[in-house]
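Participant: What follows is each chain in one-letter form.
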Amino acid sequence: GNSVTQMEGPVTLSEEAFLTINCTYTATGYPSLFWYVQYPGEGLQLLLKATKADDKGSNKGFEATYRKETTSFHLEKGSVQVSDSAVYFCALVPDTGRRALTFGSGTRLQVQP
Amino acid sequence: GAGVSQSPSNKVTEKGKDVELRCDPISGHTALYWYRQSLGQGLEFLIYFQGNSAPDKSGLPSDRFSAERTGGSVSTLTIQRTQQEDSAVYLCASSLAGQVSGNTIYFGEGSWLTVV
Chain B
1 GNSVTQMEGP VTLSEEAFLT INCTYTATGY PSLFWYVQYP GEGLQLLLKA
51 TKADDKGSNK GFEATYRKET TSFHLEKGSV QVSDSAVYFC ALVPDTGRRA
101 LTFGSGTRLQ VQP
Chain D
1 GAGVSQSPSN KVTEKGKDVE LRCDPISGHT ALYWYRQSLG QGLEFLIYFQ
51 GNSAPDKSGL PSDRFSAERT GGSVSTLTIQ RTQQEDSAVY LCASSLAGQV
101 SGNTIYFGEG SWLTVV
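Which chain is which? The protein sequence lines are B and D, in order.
For the first sequence, the numbering used here assigns the number 1 to the initial residue and increments by one for each residue that follows.
For the second sequence, the numbering used here assigns the number 1 to the initial residue and increments by one for each residue that follows.
Don't take each hint at face value.
Distance ranges between label pairs, derived from CB positions [to be verified]: (1) Lys17(D) - Phe18(B): 48 to 54 angstroms; (2) Thr78(D) - Gly61(B): 25 to 31 angstroms; (3) Ser38(D) - Thr12(B): 29 to 35 angstroms; (4) Lys52(B) - Thr114(D): 38 to 44 angstroms; (5) Thr78(D) - Thr5(B): 29 to 35 angstroms; (6) Glu76(B) - Thr78(D): 27 to 33 angstroms; (7) Gly71(D) - Thr20(B): 43 to 49 angstroms; (8) Ser5(D) - Gln81(B): 27 to 33 angstroms; (9) Glu15(B) - Ser66(D): 29 to 35 angstroms; (10) Glu69(B) - Gly42(D): 36 to 42 angstroms; (11) Thr13(D) - Asn22(B): 25 to 31 angstroms; (12) Ser66(D) - Pro10(B): 24 to 30 angstroms.
Listed next, the stretches of chain D that the computed footprint assigns to chain B, with coverage defined by at least 3 CB atoms under 8 angstroms from CB atoms of chain B [claimed, not checked]: (13) 20-29; (14) 47-58.
It is worth saying that the hints were derived from the structure and are not from the lab.
Only a predicted model underlies this, so the values are computations on that prediction, with no experimental measurement involved.
Even glycine gets a Cβ: it sits at the ideal position worked out from N, Cα and C.
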């Protein structure tokens, strides 16, 4: 079946540090890949997505590149801010069968001033 | 509003009672999803509606859970004879067309259910 594996948190960084949250997936074919973010007390929001191999999704300074050869979609940001503190979820939607999101377990990011 | 709307936002119920959670998807979205977010359990798929097709109920954890979608729009998730392990945030989401894997799936704020 389809699955998503994320690095366990919490990840604690100082402001302006470089961020990487690793995400790998298992799925047949060519799934679409997503990063969702959940800020404290808020709902899930789409952060970025990529729908085919080698695509790069980007938003709010965050980037992730769809790597088919390594089945990965790692999230990166060059300089984090305190306001980036949240839980980040990697997810996929397969290109066949049920078109529902399969989520990773989430990674909590804490950015300290 | 323009987003996915869910009600109630919070519900406290006694064990054994039935509860209904409502979801109003984004207008024009044909795909509707229910997920459950529990402490330590992550995000769990429950059920998926796509247009007039039969719903995919493969994620429902027991026969106490059911959902319907009337007129291709509003959906209700019903939990009968609630148990304490049903306590969670129930999230509804919708997207333009479920057949396209790249379509963005938008989430509501969730309904926080506490069974006491």
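Participant: All hints, please: hold or fail.
Facilitator: Against the structure, the hints come out as follows:
Checking the proposed 48 to 54 angstroms range against Lys17(D) and Phe18(B) shows it holds: the Cβ atoms sit about 50 angstroms from each other. For Thr78(D) paired with Gly61(B), a C-beta distance near 42 angstroms fails the hint of 25 to 31 angstroms. Under the hint 29 to 35 angstroms, the C-beta atoms of Ser38(D) and Thr12(B), about 24 angstroms apart, miss the expected range. A hinted range of 38 to 44 angstroms for the beta carbons of Lys52(B) and Thr114(D) is consistent with their spacing of about 42 angstroms.
The hint said 29 to 35 angstroms for the Cβ distance between Thr78(D) and Thr5(B), and at roughly 33 angstroms that hint holds. For Glu76(B) and Thr78(D), the hinted distance range of 27 to 33 angstroms is not satisfied, since their beta carbons lie about 42 angstroms from each other. The given range of 43 to 49 angstroms is respected by Gly71(D) and Thr20(B), whose C-beta atoms sit roughly 45 angstroms from each other. At about 30 angstroms, the beta-carbon gap between Ser5(D) and Gln81(B) stays in the expected band of 27 to 33 angstroms.
Distance hint check: the CB atoms of Glu15(B) and Ser66(D) are about 47 angstroms apart, inconsistent with the given range 29 to 35 angstroms. In this structure the supplied range 36 to 42 angstroms is violated for Glu69(B) paired with Gly42(D), their Cβ-Cβ distance being about 27 angstroms. In this structure the hint that Thr13(D) and Asn22(B) lie 25 to 31 angstroms apart at CB is violated, the actual value being about 39 angstroms. In this structure the supplied range 24 to 30 angstroms is violated for Ser66(D) paired with Pro10(B), their Cβ-Cβ distance being about 37 angstroms.
Restraint check on the segment 20-29 of chain D versus chain B: 0 residues with Cβ-Cβ distances below 8 angstroms, three needed, restraint violated. Counting residues of the segment 47-58 of chain D whose C-beta lies closer than 8 angstroms to any C-beta of chain B gives 4; at least three are required, and the coverage claim holds.
When the structure is compared with the earlier hints, violations turn up for hints 2, 3, 6, 9, 10, 11, 12, 13 and for no others.
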